[in-house]
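Generate coordinates for the entire structure from the input sequences, incorporating the hints supplied.
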Amino acid sequence: MSAHESGSEVHAVGSTRLFVMVWIWLAVITFIEVFLAYERLRPDLMLTLLVVLSVVKAALIVSYFMHLKYEKISLALLLIPATIFCICMIIIFFMPDGARLMQMRLGH
Amino acid sequence: MAEMKTAVSVPVSSPWSGGGSPFAINSKKFGMWLFIVSDTLTFSALLLAYSYSRLANPNWPRPFEIYPAIAKSTSMTLILLASSLTMVLGVAAAHRNDRAKTVRWLLLTALGGLAFTVLHLTEWFNLFREGYTPWSTPQGVPLFGATFFGITGLHMTHVTIGVIYLVIMSIGYGKGKFTSDDVEVSGLYWHFVDLVWMFVFPMIYLMSVSLTG
Chain A
1 MSAHESGSEV HAVGSTRLFV MVWIWLAVIT FIEVFLAYER LRPDLMLTLL VVLSVVKAAL
61 IVSYFMHLKY EKISLALLLI PATIFCICMI IIFFMPDGAR LMQMRLGH
Chain B
1 MAEMKTAVSV PVSSPWSGGG SPFAINSKKF GMWLFIVSDT LTFSALLLAY SYSRLANPNW
61 PRPFEIYPAI AKSTSMTLIL LASSLTMVLG VAAAHRNDRA KTVRWLLLTA LGGLAFTVLH
121 LTEWFNLFRE GYTPWSTPQG VPLFGATFFG ITGLHMTHVT IGVIYLVIMS IGYGKGKFTS
181 DDVEVSGLYW HFVDLVWMFV FPMIYLMSVS LTG
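Chains as they are written, first to last, in this note's numbering: chain A, 1 to 108; chain B, 1 to 213.
In short, the hints are calculated from the structure, not lab data.
Quick reminder that beta carbons are idealized off the backbone N, C-alpha and C, glycines included.
A couple of the hints might just be wrong.
[Unchecked claim] Which stretches of chain B does chain A cover? Using the computed rule of at least three CB atoms under 8 Å from a CB of chain A, they are:
#1 67-77
#2 157-166
#3 183-196
[Unchecked claim] 20 Å max Cα-Cα, derived SDA-like pairs, lysine to any residue:
#4 B:K72 with A:K69
#5 A:K72 with B:N26
#6 A:K69 with B:G19
#7 B:K101 with A:F19
#8 B:K177 with B:K72
#9 A:K69 with B:F35
#10 B:K72 with A:A76
#11 B:K28 with A:A76
#12 B:K72 with B:E123
#13 B:K28 with A:S74
#14 A:K69 with B:N26
#15 A:K72 with B:G20
#16 B:K101 with B:G176
#17 B:K72 with A:Y38
#18 A:K72 with B:K72
#19 A:K72 with B:F23
#20 B:K28 with A:P43
#21 A:K72 with B:F30
#22 A:K69 with A:W25
#23 A:K72 with B:A49
#24 A:K72 with B:G31
#25 A:K69 with B:P138
#26 B:K28 with A:S15
#27 B:K28 with B:E123
#28 B:K28 with A:L68
#29 A:K69 with B:L89
#30 A:K72 with B:I36
#31 A:K69 with B:S21
#32 A:K69 with B:D181
#33 B:K28 with A:I73
#34 A:K72 with B:G19
Shown next as structure tokens:
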């Protein structure tokens, strides 16, 4: 970065090397997910594992590519906890019942 | 900073006293973040409705063979991830005021988005030929068609809008109509489209791989 480029927003920006590293991690997790898909797991366990891995990928994208890691912490605190709370509320409402129907129809 | 006479005494130095930016970002970027949160909740609701149906129906169709469906959708994932990387490099170039390089990275990103859409459409037409439509499947599970085409269709719409957005941005930035901050805002949108696919691909495709071979 040129030193004289002051002005709008000057803050730490990751290097190309860092972005390529993040990209490699994202690709590696993608291949882990594809591999996992061919394991014969119960659908609820499979879905949970895949979503957990996807949340890791989402966190990498938001932190590095979308730059949230380098913004003021107040922005992340405004955006992230409320969103996660809303999503958790829907999960609590519906997913236990989805799993119950699955157990019933699988005959366990 | 403009001096103002007010009846109430307010500590001017506080970022919360108004007139400033408590998040230290420009309003366009803040607006894009708010849009992203609302769009996150839209996709979350759809993916959760899908997940409920997916778990509740153990006889869910599993039509995706390793080739072409899984090979194709995995390549699409890597293409979209790569386009996020070129977008990041475009934003970095814009912050260095390197106009020519920014335009090139933005167009490359748009090209990645276009490749994604074209591959995805060939995948859709494969499924149409096999009898999968938004309202029916050969197995008689219309929920599969509705959720698959509904969610991937909404995502594809986002990608298409993103490609148009990026082309407009690259032309405008090349002509000096937009600033590097505008490029960064378009980058936020593009990364979000990538992020959504990181959930759609495993939850929709990988939960329905064909295990019979």
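Hints versus structure:
Coverage of a stretch by a chain is defined here by at least three residues with a beta carbon nearer than 8 Å to that chain's beta carbons; for the stretch 67-77 of chain B and chain A the count is 3, and the condition holds. With 0 residues having a beta carbon nearer than 8 Å to a beta carbon of chain A, the stretch 157-166 of chain B misses the requirement of three or more and the stated coverage is violated. Coverage of the stretch 183-196 of chain B by chain A holds [criterion: at least 3 residues with CB-CB distance below 8 Å; count 7]. With a C-alpha separation of about 32 Å, the suggested pair B:K72 and A:K69 falls outside the 20 Å cut-off, and the hint is violated.
Proximity of A:K72 to B:N26 is assessed by CA-CA distance (about 12 Å); at most 20 Å being required, the pair is judged to hold. Using a Cα cut-off of 20 Å, the hinted pair A:K69 and B:G19 is violated, with the two alpha carbons roughly 25 Å apart. For the suggested pair B:K101 and A:F19, the alpha carbons sit about 17 Å apart, so the restraint of at most 20 Å is met. With a CA separation close to 38 Å, the supplied pair B:K177 and B:K72 exceeds the 20 Å bound.
The hinted pair formed by A:K69 and B:F35 meets the criterion: a straight-line CA distance of about 19 Å does not exceed 20 Å. Of the supplied pair hints, the one linking B:K72 and A:A76 is violated, its CA atoms being roughly 35 Å apart against a limit of 20 Å. A C-alpha spacing of about 16 Å is found between B:K28 and A:A76, which places the hinted pair at or below 20 Å, so the restraint holds. For a cut-off of 20 Å, the pair hint linking B:K72 to B:E123 stands: about 8 Å separates their Cα positions.
Of the pairs offered as hints, the one joining B:K28 and A:S74 holds, with about 17 Å between alpha carbons and a cut-off of 20 Å not exceeded. Only pairs whose Cα atoms come within 20 Å are accepted, and A:K69 paired with B:N26 is accepted, the gap being roughly 17 Å. Between A:K72 and B:G20 the alpha-carbon distance is near 14 Å, which keeps this suggested pair within the 20 Å criterion. A hinted pair counts as satisfied when its Cα atoms are at most 20 Å apart, and B:K101 with B:G176 qualifies at roughly 14 Å.
As the CA atoms of B:K72 and A:Y38 are separated by approximately 16 Å, the hinted pair is consistent with the 20 Å bound. Under the criterion of a C-alpha separation no larger than 20 Å, the hint pairing A:K72 with B:K72 is inconsistent with the structure, at around 39 Å. At roughly 6 Å between alpha-carbon atoms, A:K72 and B:F23 fall within 20 Å of each other, so this suggested pair holds. For the hint linking B:K28 to A:P43, the alpha-carbon distance of about 41 Å lies beyond 20 Å, and the restraint is violated.
Of the supplied pair hints, the one linking A:K72 and B:F30 holds, its CA atoms being roughly 12 Å apart against a limit of 20 Å. Distance check on the hinted pair: A:K69 and A:W25 sit about 17 Å apart at the alpha-carbon level, within 20 Å; holds. Of the supplied pair hints, the one linking A:K72 and B:A49 is violated, its CA atoms being roughly 34 Å apart against a limit of 20 Å. Taking the CA atoms of A:K72 and B:G31, the gap is about 16 Å. The hint holds against a cut of 20 Å.
A distance of roughly 47 Å separates the Cα atoms of A:K69 and B:P138; the hinted pair therefore is violated under the 20 Å criterion. With a CA separation close to 24 Å, the supplied pair B:K28 and A:S15 exceeds the 20 Å bound. This hinted pair does not check out: B:K28 and B:E123 have alpha carbons roughly 36 Å apart, beyond 20 Å. Between B:K28 and A:L68 the CA atoms are separated by roughly 15 Å; this keeps the pair inside 20 Å, and the hint holds.
Simply put, A:K69 and B:L89 have alpha-carbon atoms about 17 Å apart, close enough for the 20 Å limit, and the pair holds. Pair hint A:K72 plus B:I36 holds up; C-alpha atoms about 18 Å apart against a cutoff of 20 Å. Note on A:K69 and B:S21: the hinted pairing holds, with a Cα-Cα distance of about 18 Å set against a maximum of 20 Å. Distance hint between A:K69 and B:D181 is fulfilled; the C-alpha atoms sit about 17 Å from each other, no more than 20 Å.
Taking the CA atoms of B:K28 and A:I73, the gap is near 18 Å; set against the 20 Å cutoff, the hint holds. A hinted pair counts as satisfied when its Cα atoms are at most 20 Å apart, and A:K72 with B:G19 qualifies at roughly 18 Å.
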